[in-house]
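Build out the structure end to end from the sequences listed, making use of the hints.
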Amino acid sequence: MKNDRACLECGEPVENSRTSKGRPARYCSNACRQRAYRLRKSFGASEPRPNSAFTTYGILPHRADVLVGRQQELRDLDALFDTSRVVTLFGQAGIGKTRLALEYTKRAAVRFAETISLDAESVTDADLTPSAVLTAFCGRYTRGETLHAQTGDPQSTPRRRILGHLDGCDHRSDACERLIKQLLADCPELSLLVTCRQPLGLPGESSLRVGPLALPERGPGHTASVLLQSDATLLFVERARAVDQHFRLDSGNLAGIVDVCRRLEGIPLAVEQAARWVRLLSIEDIQVALDDLMTFLPAEGGREEDGGEGSAFSTVIGGSHSLLRDDEVRMSRRLSVFPSHFGVEAATAVCADEGEGPGGVLKTLLALESRSLLQEAGKGEGGVRFQQAGPLRAYELQRLRETGEFDWAHERLVQWLMGVAEPFYGPHIPPSAETAPVCREMGALLRGAQWMLEREDSRVQALAPALARSFLERGEGAEARRMLDRALAVPGPENEYRASTEWVAAWHAFGEGDYRRALKGSLEAVRMERALDRPARLILALALAAACHLELEEPAAGAALCEEAVRLLAEVEEPVAWIQAALGIVEVQIYLGDEDAAEDLLDRYRMQTVRAFSGEGSANSDILAYGRERADMLSAQIAIARGDMAHAERLLIESLTRNAGHMRRVWLVYGLAIVSSARGYHFRTLLCAELLKRWPASTGLRVERWWRTRLEAALVEAGSVCAPAKVFKARRLASELTVDGLGSWFKQDAVAVPSSRPAQPLPQLTPREHQVVLMLSGGMTNYQMARRIGVSIRTVESHLDNVRQKTGLRSRVEIGIWAQEELESADRVRAFPDHGKTLTAGR
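With UniProt numbering as the guide, the letters of the sequence shown map in order to residues 1 to 843.
Do not rely on the hints blindly, as some may be mistaken.
As the list claims (entries may be wrong) - Using 16 Å as the maximum straight-line C-alpha spacing, the simulated EDC-like pairs for lysine to aspartate or glutamate come out as follows:
{"id": "1", "residue 1": "363", "residue 2": "353"}
{"id": "2", "residue 1": "726", "residue 2": "814"}
{"id": "3", "residue 1": "181", "residue 2": "217"}
{"id": "4", "residue 1": "520", "residue 2": "485"}
{"id": "5", "residue 1": "693", "residue 2": "712"}
{"id": "6", "residue 1": "363", "residue 2": "326"}
{"id": "7", "residue 1": "693", "residue 2": "654"}
{"id": "8", "residue 1": "363", "residue 2": "376"}
To be clear, the hints were calculated from the coordinates, so they are not data collected in a lab.
Computed from a prediction, not measured in an experiment: that's the story for all the values here.
The following block contains the structure:
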């Protein structure tokens, strides 16, 4: 194998990869080895070099603790130094830039003849000169001489590569820039590793952003060994053991440690300081203390590179503030009201000074991002978004209180959020597509709602419906219901805020099967909507109350409310509101069993849609898409009620392939389960049931009696027909099938189950092989099969080997499942000749 190692003294290739003692060779000859030895002896192995401003306080020592993680960053630095002489490590305060640089200089002995780390912050500008720095490296400095000539070794003629680490350049950026330019010009053998909170912008400079440590993936059931693969968790455990030798990671503290690391967002300095408290506090106590982060983290002075040995996070952040202009300090402080990512529009509405527009705000945001005080959180429909790190946000929030701007900033946040949430308390229910903006701003909605709840401000009822919808989109129905209840507990006027929240709370109670509470809330919403004179909202409240009566087996009361809603529909003039109201009535008519009236109203809906939106631009495309989805769903319900399963299946699959919202998808899969059973596709019914168990959107959801009774009958029939192997197959496929691919799966005539092998034509088995496969699917062993057909066990094994070669299946379980599927497919072809196509082995 080719040896690419270069001599650390002269740079020439090393011919022998190993020394006589078997160690990796670092020098090309004994002369170079001896020359390097003389240089080390003349400088001393650990003493700082004389005649330098860095002699007593400028040289950074190597750390004694172990660096956790950062292996990828170390590899990236190697790659960058292959092409660049100056590399800047940049990132936010406390992220571990200095610690990473010290580790790299320690490991760089295989690439550089010598390495040293210098602290630029601990010296004056007068001492920050090429002569002082090179004297720290070499012992003396003569301008114009190359670095190897300044080492004092006249026998040395080849050049020696030296790595210098210059730390703390933020406060002396101009002086450091001049210094680095001079050093690079005068010393071709010198490479520099710079740590700073933003790149210096030098010609030929490469930069590497240092980010937080990796956090554990979210999900239940993680073991300690899995969580220790997360750098943040491993750092916490390592530093905790340093102060408490008896500390152990176990099932009792596992979840708490993960929570601490996530709340500190993997920032090394914050994680280290939190870990120091395990000597005095339990993990549960540390979690509680993190609610007041700046008070909890140590308050002693110190520098960032000291890590967990007494440095104060607030001190480190305060050092960053000294580099900012006044407007940047104000902006950073006010942005702390956003608990997660935010856009330029939100920052302008909440944080801008009077008369300042989005352009000026964006300029300030970019300046903060360049100084690592903001992180870019991606781009979407709302444009670029930013985010403050958690510990920095806690520091800025404390400063916000101290300056008296806490309530002022939150009031501006609430005023902006009420505009974002307006569609959810406005005159009509927004379509699913309008949930995207509130889902993006969910963190801000939570912060604003919490602030108002603490002050019993009834305006929280304006945000509650939008916030509940955001929770629902995440599959957190219980959190949505809790927020609605807390909002309704705040006293206030009976305005559009309270009426909308009352209706949404009733809708959630209905979905959870609490029909009495849903009926009470919907009738309260009916009373308030009458007074507010909002016909569309009133119709929806009446339809919900009617559905509650039907679930409570009170059809007469439900029918009366439905008839009132139909009469009120004529008063609704706004097209979008009419669409919402009409579709709500159609659903109740289906539950009442009046499919003809429901179909007539659906026809009117389609005509109204064509008249209202013909020739419209893309502004109403979301409304049209939402209306079409729900109308097709209702048409499929009518077809199911009439027994037209083929038509219902077509409508349901088409809706599913249009990527319906996840709440609508639940009802689509209910419908497909019912239709599939009626058409003899019992495996599909089992698959639908397994999917519903796995989807967060269906957790805790109790669907209407109309759906429930039909699905229960379908599952009973599918369970009686399908073998246990089919149930196992449905569970496995449900765990592999993606939501986006679900519609395509149902749409195929021959459904190909994802597996490690491609779908193939049905194999031609001999009669004896077919007999063996049937007995195997029945659960018989090789010995039992041999006794049954009167052959040896070895003969049975040969038949099974032939089956494996023909089918591509390896295990006995796979062969048994395949045999069950083929038997069921053959039975279905005889029972349903219109679906008698040849099936693949995967179906």
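Taking the hints in turn, this is what the structure says about them:
This hinted pair checks out: residue 363 and residue 353 have alpha carbons roughly 14 Å apart, not beyond 16 Å. At roughly 11 Å between alpha-carbon atoms, residue 726 and residue 814 fall within 16 Å of each other, so this suggested pair holds. Of the pairs offered as hints, the one joining residue 181 and residue 217 is violated, with about 44 Å between alpha carbons and a cut-off of 16 Å exceeded. In summary, the hint linking residue 520 to residue 485 is supported, as the alpha carbons are separated by about 14 Å, within the 16 Å threshold.
Taken as a hint, the residue 693 and residue 712 pair is honoured in the structure, with Cα atoms around 14 Å apart against an allowance of 16 Å. A hinted pair counts as satisfied when its Cα atoms are at most 16 Å apart, and residue 363 with residue 326 qualifies at roughly 14 Å. With a C-alpha separation of about 23 Å, the suggested pair residue 693 and residue 654 falls outside the 16 Å cut-off, and the hint is violated. Simply put, residue 363 and residue 376 have alpha-carbon atoms about 14 Å apart, close enough for the 16 Å limit, and the pair holds.
Consistency with the previously given hints fails for numbers 3 and 7, ordered from lowest to highest.
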